[in-house]
Structures are given as C-alpha cells and as structure tokens.
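Chain order of the listed sequences is A and B.
FYI, in the numbering used here the residues of the first sequence are 1 to 614.
FYI, in the numbering used here the residues of the second sequence are 1 to 472.
Hints are not guaranteed to be accurate.
[Unchecked claim] Cut-off 30 angstroms, straight-line C-alpha distance, at most; resulting in silico cross-link-like pairs (DSBU-like, lysine-lysine):
#1 A:Lys222 - B:Lys147
#2 A:Lys432 - A:Lys380
#3 A:Lys298 - A:Lys222
#4 A:Lys110 - B:Lys339
#5 B:Lys339 - A:Lys222
#6 A:Lys201 - A:Lys405
#7 B:Lys147 - A:Lys110
#8 A:Lys135 - A:Lys201
#9 A:Lys122 - A:Lys200
#10 B:Lys141 - A:Lys9
#11 B:Lys206 - A:Lys222
#12 B:Lys206 - B:Lys227
#13 A:Lys231 - A:Lys122
#14 A:Lys122 - A:Lys298
#15 B:Lys147 - A:Lys9
#16 A:Lys110 - A:Lys135
#17 A:Lys555 - A:Lys490
#18 A:Lys201 - A:Lys394
#19 A:Lys394 - A:Lys404
#20 A:Lys122 - A:Lys138
#21 A:Lys200 - B:Lys227
#22 B:Lys350 - A:Lys138
#23 A:Lys404 - A:Lys475
#24 A:Lys200 - B:Lys206
#25 A:Lys388 - A:Lys404
#26 B:Lys163 - B:Lys206
#27 A:Lys430 - A:Lys380
#28 A:Lys201 - B:Lys339
#29 A:Lys231 - A:Lys388
#30 A:Lys432 - A:Lys475
#31 B:Lys350 - A:Lys110
#32 A:Lys110 - B:Lys163
Bear in mind the hints are in silico, worked out from the structure with no lab data behind them.
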Amino acid sequence: MSQNVSTDKRNIFSTVIILVFIIILVRLFTLQVVDHSYKLSASNNVLRQITQYPARGLIFDRNGELLVYNQATYDLMVIPRQVQTFDTTELITILGITREQFDASLLEAKQHSTFKPSILLKQLSAEDYAVLQEKLFKYPGFYVQPRTLRAYPRSIASHLLGYVGEVDDRIIREQPYYRMGDYIGISGLERSYEVELRGKKGVNVFVVDVHNRIKGSYADGKYDTTAILGKNLTCTIDADLQEYGERLMQNKIGSIVALEPGSGEVLAMITSPNYDPNLLVGRPRTANYRVLEQDTLKPLFNRALMALYPPGSTFKVVNALIGLQEGVVRPQTRYYCDGAYRVGRGVGCHSHPSPTDLIQSIQVSCNTYYCNVFRNIIDKFGAGGTEKGFTVWKNHVESIGYGKKLNIDQPNELAGITPSIEFYDRYFRKGKWNSLTIISLAIGQGELGTTPLQMANLATSIANRGFYYTPHLVKSIEGEPEIEPRFSLKHYTTIDSVWYNYIVEGMDLAVNGEPGSGSTARIAAIPGVTVCGKTGTSQNPHGKDHSVFIAFAPKYDPQIAIAVYVENAGFGATWAAPIASLMIEKYLTGTVKRTWLEERMLDAILLDRHDKKK
Amino acid sequence: MTRRSNKIFKWIDWPTVLLYLALMIMGWLNIYAAVFSEDHMSIFDISQRYGMQLIWILTAILIAIVILSIDARFFNIFANYLYFIILLILVLVLLFGVEVNASKSWIQLGSFRIQPAEFAKFTTALAVAKIMSVYGFRLNKFSSYAKVGMVILVPVLLIILQKDIGTTMVFSAFIWVLYREGMPGWVLIFFVFLVGLFILVLLFNKLTILAGLLILSLILFALISRKYRDTLRFSFAIFGLSVLLFGISEFFDLNISPYKLLLIPIGIGVPFALFYAFRHKLSSVLYIIFFFIITSVFSFSVDYIFNNVLASHHRERVNDMLGIESDPLGWGYNVNQSKIAIGSGGLTGKGFLNGTQTKYNFVPEQSTDFIFCTVGEEWGFVGSFVVIALFVFLLLRLIMIAERQRESFARIYGYGVVAILFFHVGVNIGMTIGLFPVIGIPLPFFSYGGSSLWSFTILLFILLKFDSSRMD
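Take these sequences, add in the hints, and give me the full structure.
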C-alpha cells in the first residue's frame with residue numbers, strides 16, 4: 001500500500017517535471033522556429049531607446065508677455081559597450097574639446113554603465129550639431145539627444161523665476177521619475193511648479209544597425225511612450241513694473257515687493273543686487289554660479305523672502321491697530337511729546353507738532369505716542385500681567401502675518417522672528433522683564449525680524465481693512481481650471497475692520513498732509529492719486545539705518561500695496577518712499593511724470609555707504 | 001592512494017557526475033561567448049569572467065572530491081550544526097554585508113564576495129531531512145507542520161531581510177518534499193493556487209480578482225454539486241444585484257467604487273449559501289464558501305499590505321523583482337531583449353561566438369541570470385533542447401537516486417535537492433522566455449558565479465555521497 005503511494009508520487013514528480021519542460025520547449029519552439037518576427041530585426045541590429053524630453057512649459061507675465069522660453073540644444077550621448085574603434089582626433093576636433101577631456105568623459109561614462117547611455121558632452125550648439133550629424137555614422141555607440149535650455153528674453157525676475165539644473169543622486173533616489181542627466185527646477189517658480197512645467201518624458205525605442213543608423217521604430221512603437229508637453233504658466237508679475245523696479249534698485253541693496261490687495265497676486269518682487277537669469281543657463285552655468293556665489297553683495301540671496309529686517313516705524317501702525325482693538329487707546333487719545341519718551345532708558349523722538357491724537361501720531365510718526373500705546377497694551381492686565389499682555393500682543397501680531405511663513409508659492413521663504421516669552425525669560429530671567437524693558441518693540445525695533453514680503457502683506461491687509469490673501473505668483477496654469485484654492489482664501493486679522501479706517505487716515509495724512517504739518521512722506525505724493533503710506537527708518541547692527549516704506553494706493557479700492565527696503569540708506573522718506581511712489585505711479589498710470597525724482601533715484605549709488613560705515 | 005581514491009569513487013553514480021560535468025563545461029563556454037571581447041581572446045584570461053569561472057569550476061570539483069571523502073554519517077550528525085552556522089552567517093550578513101544590486105546579501109572577503117544565502121539551500125535541505133527522518137515523525141498533525149515550517153521559514157525570513165526575493169522564493173520548493181513525505185495533495189494544489197493568486201493580485205486590480213474568485217467558486221460548485229440551475233440562479237442574483245447597485249450609484253453620482261458594490265451582494269450571498277448548504281446537507285458548499293473567504297481575505301491582505309503598508313520605493317522594488325512594472329526601460333526591456341536574442345537563434349543557432357545580440361546591447365545579467373539567452377541565440381532550438389534534455393535527465397536521475405535510498409534521511413534530502421534544482425531550472429529558463437516574472441536566480445551549474453556553483457555542487461554531491469554509501 002505504502003509502496004504504491006510512493007510510486008504514485010514518484011510518477012507525479014516525474015510527470016510534472018516533464019510537463020513543465022515540455023511547456024518550455026513548446027514556447028522555445030514557437031520563439032525560435034515558428035515565429036519569425038524576432039529574427040527580422042535581430043540579425044545585425046541593436047535597439048536604442050531615445051528619451052523624448054518634452055519642452056518645458058513657458059512662463060508668461062500677467063499681461064501675456066513671454067518671460068521664459070526654450071532654446072534647442074544637443075547632448076552627445078554614448079553607450080560605451082557599442083563603441084568601436086574610431087578616429088578620435090576627428091571627433092574631438094568637431095566637438096572642440098581636448099583629448100584629455102574626451103578620455104575623462106568616456107571613462108566616466110564607462111564607470112556609470114557600459115550598456116546604458118551616458119552624456120558625453122552637454123549642450124552642443126546647433127552649428128556643432130550640424131557638422132557632427134553628418135559624420136555620426138562613423139562613430140558607433142554615439143548619438144545625439146535633443147534637449148532644451150531655458151532662455152529669458154527680458155533678463156528680469158531671476159530670483160522668482162528660478163533656474164533649472166541637473167538632478168543629483170539624492171533626487172534620483174527619492175524620485176524615480178528622474179534619471180541621470182535630467183533637469184529639474186531648483187529654485188523659484190521652476191521648483192514650485194516643477195511637475196506642471198516639466199510635463200512627462202516619453203521613450204521611443206528604435207532599431208539601429210551596426211553603422212549607427214536608425215532603421216525604424218521597434219515593434220511598431222509598441223514600447224514607445226509619448227512625451228507630454230509641459231504646461232505653460234502665467235505668473236502674476238507685471239514684467240514692466242518688475243523691470244522698472246529692478247532699474248530703480250540698481251546700485252542699491254534691498255528689496256521691493258508689490259502685491260495686488262484684492263487677490264494677493266505678486267505684481268513685482270525685486271531683490272537687489274540680482275543677476276541676469278541668462279547667466280545660469282547652459283555650459284557656462286557652473287562658472288557663473290561660482291562667481292555669483294562669491295560676490296560679497298550676495299546677488300544669489302533672495303532678500304524679498306529671506307532677509308530679516310527690523311520693520312522700524314512702519315510697525316507703529318501694527319501697534320496702533322492692537323491698541324485700538326484692545327481698547328487701551330482711543331482715536332481721540334492724545335499724548336504729549338517734547339522730543340523723547342522719558343521713562344526708563346527713554347526713547348528719543350524728533351521734532352513735530354505736539355500733542356497728537358492717533359491719526360496725527362501716524363502722520364508725524366511720533367515715537368513717544370507709541371511707547372505709551374505699547375505700554376498700555378502690555379500692562380493692560382495690571383501688575384504681574386506682563387506675560388498675559390505680551391501674549392495678547394503677540395497673537396495679534398501673528399494674525400497680521402508676522403513670525404510665520406505666508407506660504408507663498410516659492411521655496412526658501414523665511415518665517416521671520418517675533419519674540420517669545422521664553423526668549424525674554426532666558427534673556428532677562430523670568431519676572432525680570434516688563435513693558436519698559438521691551439519698549440523697542442513699540443517702534444518696530446528690538447527682537448523683530450520681518451521679510452519685505454511680510455511688510456508688503458501688512459500694507460495689503462491695511463488696504464483691505466483687515467484681511468489678506470496668501471501672496472502668490474501663479475495666475476493660471478494652462479489646462480488646469482483653477483490654481484490652488486488656498487490662494488483664494490481670505491485670512492482675517494484679529495483686528496476689527498473699523499479700526500483700520502483710522503490707520504488709513506493717518507497714512508493718507510503722512511503722504512498728503514499740509515506742508516508744515518509734520519507729514520513724514522510728502523515726497524511720496526502723486527498728483528491725482530491718493531497714496532497712503534508709512535515711513536520707517538530701521539536701526540540695524542550693520543551700519544547706517546535701513547530706509548523703509550510701506551504704502552498702498554489709491555486710498556479707496558486699492559490696486560497696489562507695496563513695501564520697499566533700501567539697506568543702510570538712511571531715512572525712509574529719502575529713498576524708500578520715492579521708490580515706492582514711483583512704482584505706484586508706474587503701475588497705476590503706466591508712465592512716470594516726475595522725471596526729476598525718477599532720475600534722482602536711478603542715479604543714486606547707495607552701495608559705498610554700506611562699506612564706509614563698517 | 002589508489003585504493004583510497006577507489007573507495008571514494010566506489011558506487012558513485014557516474015551518469016549524474018557526467019551530466020554535472022557536461023552542464024558545467026557548457027555553461028563555461030557560454031559565459032565565454034556572453035562576455036567575449038576581442039581584447040581578451042583567451043578563455044583562460046582570469047581578468048575576465050570566463051577565466052574566473054574556470055577557477056570556480058576547478059574549485060567546485062575539488063569541493064566535490066572533499067565531500068565524497070567525508071563519511072556520509074557526518075552530514076546526518078552535523079545537519080543541525082551546519083544549519084545554525086549558516087543562520088548565524090545570514091545574521092552577520094545583515095549586519096556587515098555588502099549591497100549589490102539593491103540586495104544586501106554579500107560578504108566581502110578580501111577581493112572575493114560570497115553570498116551565504118546560496119549555502120542556506122543545502123543546510124536547510126539537510127535540516128529538513130533531519131527533522132523529518134526522526135523516528136515516528138509523520139505529517140498528520142499540526143505540530144509536525146509547525147516544526148518543518150520553522151526550519152524552512154527562519155532562513156527565508158533572514159533572506160527576505162536581505163532583500164533577495166529570488167533566493168527566498170526558492171525555498172517554496174520544499175513544499176514538494178512535504179508532499180512526497182505525506183502531505184495531502186490538495187494542500188499542494190492550494191499552495192500553488194495561492195502563489196498564483198499572489199502574483200495575479202499584484203497584476204490586476206482587486207475588483208477583477210474578487211470577481212474572478214467568485215466565478216471560480218461558482219464554477220466549482222456547479223461541477224461538484226451538479227446543481228446547474230441553482231448555480232445559475234445564484235449567479236444571476238449576485239451579479240444582477242451588483243449591476244443594479246452600480247446603476248444606482250452611477251445615476252445618483254454616489255461615487256462608490258465597484259469593488260464595494262460587489263461586496264454588498266457577496267455579503268448577502270454568503271449567509272444565503274450557508275443556509276442553502278444546511279438545507280440541502282451539502283458539505284461541498286461549505287468547503288467552497290471556506291475556499292472563497294480564505295482566498296478573498298488573502299488577496300485583500302496582499303493588496304492592502306502592498307499598497308498601504310509598504311513604502312513606495314519598496315513597492316517599486318517588489319514590482320521590479322516580480323517584473324510587474326510595464327516599463328520598457330526596466331524589466332520589460334530585458335525580457336524583450338532576451339526573447340529577441342533567443343528567438344533570433346532559430347533552429348540551429350548562429351554558431352559559437354556569432355551571437356550579435358549578445359555582443360552589443362543589453363541584457364544586463366547576460367552571464368549570470370540570463371545565460372540561457374546565449375544558449376538560445378548561438379545554439380538555436382537544437383542547443384536549447386539539448387540543455388533542457390540534460391537537465392531533465394539529471395532531475396529524473398536524481399528522483400531515481402532519492403527513491404533508492406534506504407534511509408529516510410537520505411531520501412528526504414534527495415527530494416530537497418530535486419525540488420531546489422527543478423525550481424531553479426524551470427524558473428530561470430521560464431523567465432528568459434517570458435513565461436515567468438523575472439526573479440534573479442541563477443541557472444544551476446551554468447550561470448557565472450562562485451557562490452552559486454559551489455552551493456549547487458555541495459547540494460548535489462552530498463546526495464551522491466549518501467547514494468554511494470547506501471550499501472555500507
């Protein structure tokens with residue numbers, strides 16, 4: 001019985017083995033003898049996959065003007081295993097490189113892989129390509145891969161557009177879509193909208209004969225995939241305004257950010273000094289990048305999003321709003337100022353009509369007034385309530401957009417700095433600090449770090465009387481019904497809308513007040529347009545004060561909100577206010593009539609002051 | 001001296017040895033053709049793989065002689081020790097191993113790299129034989145299965161951790177051994193079914209799988225119970241209800257996935273079928289319901305674990321190893337190249353060293369896992385037939401040898417050898433011609449590589465040693 005079972009099983013084993021191999025043999029017979037399709041191409045042919053790189057999406061400004069387009073270029077590829085002996089001298093002459101460079105590249109390609117294609121030489125010009133194309137048949141294993149490079153017709157907005165570069169090992173590991181030699185957006189919009197802009201690569205599999213000539217598509221294109229073009233992107237930038245702003249900021253260090261209050265769209269975002277985006281394209285890129293990187297004025301640093309400046313007197317409007325909201329100051333409240341706030345260490349002020357009410361205090365930018373307001377806020381809860389008062393103040397400040405990222409669609413945005421209770425506890429020891437020890441915050445100095453974007457956003461929330469949209473640079477993406485919904489979400493501040501009206505009046509008077517009334521920014525007035533603005537002169541450890549100005553216009557139904565920083569240039573009214581005013585005039589009226597002011601700004605060179613002070 | 005060597009080779013099964021030598025030498029020649037380059041014409045050039053392979057072959061023969069001169073009882077007595085030593089080494093590999101092709105399964109010794117997982121095959125075969133040959137061991141209770149299962153699964157687990165999926169799958173071959181030693185046939189069939197299902201789940205969406213399992217269960221029911229009319233009614237009820245639900249969901253724009261819509265009628269159908277089974281006293285229905293539930297849960301968990309638990313790059317790796325990515329740059333490209341190479345060989349092949357496909361492009365593991373391409377291209381169908389015939393002879397011969405052992409230890413080990421070799425040969429050739437997903441396992445005695453050649457030699461010659469001393 002048991003013997004029978006085991007014999008059965010033995011037979012089952014043998015049968016299964018024989019059956020499996022019969023199936024394999026039948027399959028082999030079909031492949032090798034019956035089916036001729038495998039033989040047709042195979043005898044002397046090899047397959048080659050050519051990746052179809054889709055053109056990257058173009059970028060337009062808000063008026064449809066082209067900002068970024070693509071230029072054709074050619075990469076010389078090599079598959080080391082297919083390379084046969086050839087006339088090296090001729091090839092390197094065509095390519096215009098030395099024998100050493102050539103050997104090094106070929107060795108590198110071999111080390112990467114012998115059977116996968118590597119880039120031997122990047123970005124051949126169309127002329128070199130034309131010459132090479134005719135002789136390519138002499139060089140089995142080499143072929144040319146068309147690629148595109150970015151090009152910028154207007155040489156503006158380098159930082160916000162960003163640049164593309166080759167993927168590195170880390171990206172390849174994390175995102176399998178990319179392969180060695182692929183390009184990826186590294187900064188700016190190129191990075192934020194990489195997926196939309198890049199499209200999708202395709203692959204064509206070709207049959208190539210031993211003479212390196214393409215004989216046709218393999219298997220009727222069964223293994224081909226079509227490339228999907230990158231989507232075009234319309235950004236919110238006004239190219240003319242951007243260019244104008246860049247010109248105004250020539251030979252100055254600083255930043256301008258202009259937003260459309262009704263949408264949060266960025267109209268212009270200037271950081272100075274900057275660089276020509278065409279420098280970071282193609283073969284000279286690495287060399288140019290190195291030069292820019294070593295420049296002491298840091299042209300690669302995007303000040304609009306990353307520079308942390310003290311806001312200076314522009315911050316008084318924030319304290320005014322908080323004071324009104326908390327009921328510790330009324331619009332009619334008047335404080336006397338004799339040129340300084342004389343409590344504690346004291347805070348100096350400048351000469352102006354006194355006493356002032358709240359609106360006038362903004363008009364003349366009275367320091368004493370805001371020392372009073374600030375102390376009222378912090379001391380609202382009486383003795384021992386400093387921390388509570390401070391927390392109330394801080395929450396309002398954060399609701400206005402400070403101390404956190406606004407989440408603009410750009411990489412590298414910084415959150416800025418607002419002081420915390422923990423910080424002061426560490427710095428002064430717990431219970432050892434009060435409204436007087438931190439009085440600098442009253443006038444926007446001290447432990448505050450704000451980016452120009454955050455200041456422009458403050459101007460926006462005032463222009464809107466209490467809310468802002470997340471600033472963004474994308475207006476529309478081709479083929480997509482709408483941009484991210486988060487950009488059409490209103491962010492309300494914790495300040496009631498009514499209080500904003502007083503601030504707006506103050507900012508109106510600061511620009512449009514009568515001569516002799518102490519208005520700080522009369523230079524920013526534009527005939528026919530009601531500009532509302534606030535100057536700032538921010539002390540900093542690096543040298544002369546920064547010149548700061550925030551503004552929006554017109555007063556009713558505002559179209560533009562702006563913040564300007566000019567580093568180490570002095571009073572806000574001297575440089576930042578005129579620049580902001582010119583930008584507003586340019587945007588609202590299309591031309592600048594005040595040519596005398598324009599010329600003064602364009603001609604000013606404010607770089608050396610930075611150095612002298614050091 | 002002569003007498004001693006006589007003793008070593010006395011009773012040795014010469015047909016097996018000849019098949020072994022023939023396969024090894026053919027493999028060597030094909031490796032030469034696969035990596036042939038005009039700069040290194042000599043087949044003895046040890047800077048090339050063919051030169052190295054000759055060294056591996058000579059050392060393998062030496063190892064074979066050493067094994068034949070060891071007393072057969074050694075392997076029985078030390079089976080467990082060998083098993084645990086290799087386990088220990090596998091753990092060490094995890095800690096100190098070198099990563100090659102994304103699997104951390106190599107140990108670097110000077111300029112050589114060895115892959116201990118290869119040697120786990122013969123030690124596990126010995127350990128399985130040892131545990132199953134204990135007097136009174138029978139595969140009729142759960143504890144017996146648990147013991148054998150442990151012996152097989154521990155190395156499997158360690159090798160999975162090395163991300164060497166190919167070698168891991170080889171261990172599934174041991175199910176054959178269990179079958180030979182008394183496991184019921186339906187378990188084997190069910191196991192094969194689950195393996196197939198596993199691959200299908202990764203290939204198709206879960207709706208297709210569920211519907212497929214449902215239809216299969218219904219067909220089984222119809223065939224077993226012969227109640228065709230009831231089956232038909234039941235099928236109409238279930239599928240009609242799902243179509244109806246689907247219509248409703250579409251009409252009201254409810255966006256419920258068809259998968260969930262199919263689950264509702266099934267949820268109603270299963271209790272109904274249970275009721276039916278009890279009323280008509282049909283135990284077969286119970287089995288079929290059981291089968292359906294088990295396989296559905298299995299496929300759902302495979303799908304769930306695969307898509308929700310594994311990280312995306314793990315998933316890609318598994319997909320890659322199972323060859324599921326339909327990416328012509330990836331596996332599909334290799335298999336196609338492999339098929340072109342083999343297909344272009346024709347009836348009689350292009351002749352030695354004349355394979356053009358093998359010379360230029362591609363198939364990256366030409367001399368290791370895809371060595372059969374070279375056979376197919378240069379020697380054609382005739383050559384492939386000869387190679388396959390040699391393997392079939394070897395396997396059948398080994399079954400015969402296993403069956404003629406007196407000790408159950410030797411017999412069980414013999415079946416382990418047969419199962420492992422069969423799995424390797426079938427899967428390896430199957431994958432080069434697109435019959436099986438690509439998993440990286442070598443063709444025994446043929447593929448380039450010291451570790452695999454040594455381990456197969458050890459595997460085979462321990463059996464030959466048992467065989468030659470069966471008369472003692």
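Consistency of the hints with the structure:
Distance check on the hinted pair: Lys222 of chain A and Lys147 of chain B sit about 50 angstroms apart at the alpha-carbon level, beyond 30 angstroms; violated. Between Lys432 of chain A and Lys380 of chain A the CA atoms are separated by roughly 18 angstroms; this keeps the pair inside 30 angstroms, and the hint holds. For the hint linking Lys298 of chain A to Lys222 of chain A, the alpha-carbon distance of about 52 angstroms lies beyond 30 angstroms, and the restraint is violated. For the suggested pair Lys110 of chain A and Lys339 of chain B, the alpha carbons sit about 26 angstroms apart, so the restraint of at most 30 angstroms is met.
The suggested pairing of Lys339 of chain B with Lys222 of chain A holds, with an alpha-carbon distance near 15 angstroms, which does not exceed 30 angstroms. A threshold of 30 angstroms between alpha carbons decides the hint, and for Lys201 of chain A with Lys405 of chain A the separation of about 34 angstroms lies outside it, so the pair is violated. Restraint check: the Cα-Cα separation between Lys147 of chain B and Lys110 of chain A comes to about 51 angstroms, which exceeds 30 angstroms; the hinted pair is violated. In summary, the hint linking Lys135 of chain A to Lys201 of chain A is supported, as the alpha carbons are separated by about 28 angstroms, within the 30 angstroms threshold.
For a cut-off of 30 angstroms, the pair hint linking Lys122 of chain A to Lys200 of chain A stands: about 21 angstroms separates their Cα positions. This hinted pair checks out: Lys141 of chain B and Lys9 of chain A have alpha carbons roughly 21 angstroms apart, not beyond 30 angstroms. For the suggested pair Lys206 of chain B and Lys222 of chain A, the alpha carbons sit about 27 angstroms apart, so the restraint of at most 30 angstroms is met. Of the supplied pair hints, the one linking Lys206 of chain B and Lys227 of chain B holds, its CA atoms being roughly 29 angstroms apart against a limit of 30 angstroms.
Among the hinted pairs, Lys231 of chain A with Lys122 of chain A is consistent with the structure: their alpha-carbon atoms are about 25 angstroms apart, no more than 30 angstroms. Under the criterion of a C-alpha separation no larger than 30 angstroms, the hint pairing Lys122 of chain A with Lys298 of chain A is consistent with the structure, at around 29 angstroms. A distance of roughly 23 angstroms separates the Cα atoms of Lys147 of chain B and Lys9 of chain A; the hinted pair therefore holds under the 30 angstroms criterion. Taken as a hint, the Lys110 of chain A and Lys135 of chain A pair is honoured in the structure, with Cα atoms around 23 angstroms apart against an allowance of 30 angstroms.
For the hint linking Lys555 of chain A to Lys490 of chain A, the alpha-carbon distance of about 20 angstroms falls within 30 angstroms, and the restraint holds. Distance check on the hinted pair: Lys201 of chain A and Lys394 of chain A sit about 49 angstroms apart at the alpha-carbon level, beyond 30 angstroms; violated. With a C-alpha separation of about 12 angstroms, the suggested pair Lys394 of chain A and Lys404 of chain A falls inside the 30 angstroms cut-off, and the hint holds. For the hint pairing Lys122 of chain A with Lys138 of chain A, the CA-to-CA distance comes to about 20 angstroms; that is within 30 angstroms, so the pair holds.
Only pairs whose Cα atoms come within 30 angstroms are accepted, and Lys200 of chain A paired with Lys227 of chain B is rejected, the gap being roughly 54 angstroms. Between Lys350 of chain B and Lys138 of chain A the CA atoms are separated by roughly 27 angstroms; this keeps the pair inside 30 angstroms, and the hint holds. Under the criterion of a C-alpha separation no larger than 30 angstroms, the hint pairing Lys404 of chain A with Lys475 of chain A is consistent with the structure, at around 24 angstroms. With a CA separation close to 28 angstroms, the supplied pair Lys200 of chain A and Lys206 of chain B stays within the 30 angstroms bound.
At roughly 21 angstroms between alpha-carbon atoms, Lys388 of chain A and Lys404 of chain A fall within 30 angstroms of each other, so this suggested pair holds. Taking the CA atoms of Lys163 of chain B and Lys206 of chain B, the gap is near 26 angstroms; set against the 30 angstroms cutoff, the hint holds. Between Lys430 of chain A and Lys380 of chain A the CA atoms are separated by roughly 19 angstroms; this keeps the pair inside 30 angstroms, and the hint holds. Taking the CA atoms of Lys201 of chain A and Lys339 of chain B, the gap is near 26 angstroms; set against the 30 angstroms cutoff, the hint holds.
For the proposed pair Lys231 of chain A and Lys388 of chain A, the alpha carbon gap of about 51 angstroms is over 30 angstroms, so the pair is violated. Between the alpha carbons of Lys432 of chain A and Lys475 of chain A the distance comes to roughly 50 angstroms, so the proposed pair goes past 30 angstroms and is violated. This hinted pair checks out: Lys350 of chain B and Lys110 of chain A have alpha carbons roughly 29 angstroms apart, not beyond 30 angstroms. For the hint pairing Lys110 of chain A with Lys163 of chain B, the CA-to-CA distance comes to about 27 angstroms; that is within 30 angstroms, so the pair holds.
Violated hints, in rising order: 1, 3, 6, 7, 18, 21, 29 and 30; the structure is consistent with all others.
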